[in-house]
Amino acid sequence: MVTLPEPVERLLETALVGELTVVSASGRPITYPLIPLYDGRHIYLTSSTLFSRKLEHINANPRVSLSITDPVATGRSDRATIQGDARVIDEDPHGGWERLLPIWERKEPSIVYFLKQRVALPLFFERALIEITPRRVLYWADGSAAASPTVTSLESEAA
Amino acid sequence: MRTTPEIDARTGLEKLTTYPFQVLTWVDPNGYPVSVAVEAEIDPATGHASFAAPAGLDVPTDRDVSLTGSHIHPQPGYGYDERRHVTVWGHAATEGLGRLRLTAEQAWGWDESEVPFFEYSERSSGQSRKYFDALSRERGTPVRPKLSLGWLTLRTTRLPFLTATIVPVVLGILIAVTHGAFDLLTALLTVIGASFVQLAINVSNDVFDTAQGADDANVTPTKFSGGSRVIQYGLVTFRQMATLAFGFFAAAAVIGLVLLVLRGSQALLVIGVVGFVVGLGYTAPPLKLVYRGLGEIAVAVGFGPLMLLGAYVVQTRGALAWEPFVASIPIALLIALVLYVNEIPDRRGDARAGKRTLPVRFSQEAIVGGYRLATLVAYGVLMIGVVTGLLPIPALLMLLTVPLALQVERGLRPNYDNPYGLMAVMNVNIRLHLFAGLLLVVAYVLVLAAHAVAPGLPLFIGR
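Going line by line, the protein sequences match chains S and V. Just so we're aligned: 53 in our numbering is position 47 of the first sequence, and the numbers increase by one with no gaps anywhere. Just so we're aligned: 174 in our numbering is position 161 of the second sequence, and the numbers increase by one with no gaps anywhere.
Where hints are given, some of them may not hold.
Cross-link-like lysine-lysine pairs, in silico, DSS-like; alpha carbons within 30 angstroms at most [to be verified]:
{"no.": "1", "chain 1": "V", "residue 1": "K236", "chain 2": "S", "residue 2": "K113"}
{"no.": "2", "chain 1": "V", "residue 1": "K236", "chain 2": "V", "residue 2": "K159"}
{"no.": "3", "chain 1": "S", "residue 1": "K122", "chain 2": "V", "residue 2": "K159"}
{"no.": "4", "chain 1": "S", "residue 1": "K113", "chain 2": "V", "residue 2": "K301"}
{"no.": "5", "chain 1": "V", "residue 1": "K301", "chain 2": "V", "residue 2": "K236"}
{"no.": "6", "chain 1": "V", "residue 1": "K159", "chain 2": "V", "residue 2": "K143"}
{"no.": "7", "chain 1": "V", "residue 1": "K301", "chain 2": "S", "residue 2": "K122"}
{"no.": "8", "chain 1": "S", "residue 1": "K122", "chain 2": "V", "residue 2": "K143"}
{"no.": "9", "chain 1": "V", "residue 1": "K143", "chain 2": "V", "residue 2": "K236"}
It is worth saying that the hints were derived from the structure and are not from the lab.
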């Protein structure tokens, strides 16, 4: 089982938004702001099928990173980038993602209300899960890139 | 249809300057992306962004790197708003003094203050279809988005809009009752049959608007406008919708024939045939009334005199009178105004699809003025009807809805170019028609009560 450094776990638990970066077929990094959800083992993000290009990129190349950089969204000054392997889970786009609803609701309480109104925006709630297995973590304790990050490799633990 | 807001590199840099920091991202030699927060000095005029090289990390200069700005405004206990993000790609080069310089080449982003979330979602519905198509191919079986049967029925048929039918039909029946004609079975059949007519029109409207590209061209639908969109979202197939429309038309025709057999009259036959032609021809070729700027007239005739007189003549076995006709005019105008206002947010998509509705044809000033004029005529006809003794005095209760009409008129101008702001106005406008109709129904209930309790009470001027 992968164990993230404790401050990085705290960042994941508090961050309202993180930047998921995927790699396109041409090798270009493409970054999407998303709500990171952490269950103590994997990092999850969800993507509506409306905005599913990122899922196509992940299916073609699972190497991704998730950065937590926004002090407004976290209320903290430290920052981290987690590199990992992503897997798209879309067996049931209609309801499969709802197993993460309790974690999502803690960050965005209104999501439960909006879900009850899914008739108004049905495609928004057809969603795939992105499950990230962390491989390497870069952590900036004071948030500044002027200092080298603390790098934690999780490969051996993951294996 | 554009699904992702591509922007030019210079605009991307200009947007990046509004963020307190940027996220520098590249792909490392192991193939994983790396992101670092930097504070870049950005010069959109030269197309460059300069920043301190992050310590301990090698930023490549032989391939694309990106700078991303992202903003979100947390609303504690609720969620967030003010969402926007932008990414600028380019190559980085060493600038000296431990700094790097990115030369911007391409940019992409979204700002919900420029493209509202609902519009952004609508523009992206093609991407969702593409994703489900790929899933279907991969699994060898159709995979589609879903809604529960209840929600799907509600959305597909636009059931809540049935008030447009029920109000005039009940009013027509009530007027017939005050004239001494009432038959429960045919009254119920009239309500059911007329409801099927409207459901058929609602569904066939989506079928023909899809076939003619109007619904696909509309990227700013609201819950009151732009159709049900169940075909566009892949919730129901085009064929299923066409079958459903046919089923509703067939059910309406069967009930119409039963009514003809039970209460047959030449007047009912004419009303039925005209109703069918207007209903189907509303969007269907060759008439395509709504595409020719005749939608409001078609709706006014169909959901005003035809519905109300149709219900009346079923009860009276074909006897016609001026009273139900005059009573139908305000209802006809107010339901036409529902369509008229609902067409405002659709006008750009309608114009692209060649749907020449009144808001497509005329200026904002003319449309707002037209609304004022039509409501004045609706209330004017009501008062003239009462003064001339054609309508009962209690019908003046409908004047209680004047504040709603004023509220709509005042709301049109400031929200004319804001489809989502216009939703509240559309909602009030629908309530205006509903409440006006219900107050007329109440008026005739009072007439009936007065007949029963105090038969001599004069409720019509001059009678």
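Taking the hints in turn, this is what the structure says about them:
1. Under the criterion of a C-alpha separation no larger than 30 angstroms, the hint pairing K236(V) with K113(S) is consistent with the structure, at around 28 angstroms.
2. Of the supplied pair hints, the one linking K236(V) and K159(V) holds, its CA atoms being roughly 18 angstroms apart against a limit of 30 angstroms.
3. Taken as a hint, the K122(S) and K159(V) pair is honoured in the structure, with Cα atoms around 14 angstroms apart against an allowance of 30 angstroms.
4. Distance restraint check for K113(S) and K301(V): the Cα-Cα separation of roughly 49 angstroms exceeds the 30 angstroms cut-off, and the hinted pair is therefore not satisfied.
5. Between K301(V) and K236(V) the CA atoms are separated by roughly 23 angstroms; this keeps the pair inside 30 angstroms, and the hint holds.
6. For the proposed pair K159(V) and K143(V), the alpha carbon gap of about 16 angstroms is at most 30 angstroms, so the pair holds.
7. Our distance criterion of 30 angstroms between C-alpha atoms is broken by K301(V) and K122(S), whose separation comes to about 37 angstroms.
8. At most 30 angstroms may separate the alpha-carbon atoms for a hinted pair to count; K122(S) and K143(V) meet this at roughly 26 angstroms.
9. Straight-line distance between C-alpha atoms of K143(V) and K236(V) comes to about 24 angstroms, which keeps the hinted pair within the 30 angstroms bound.
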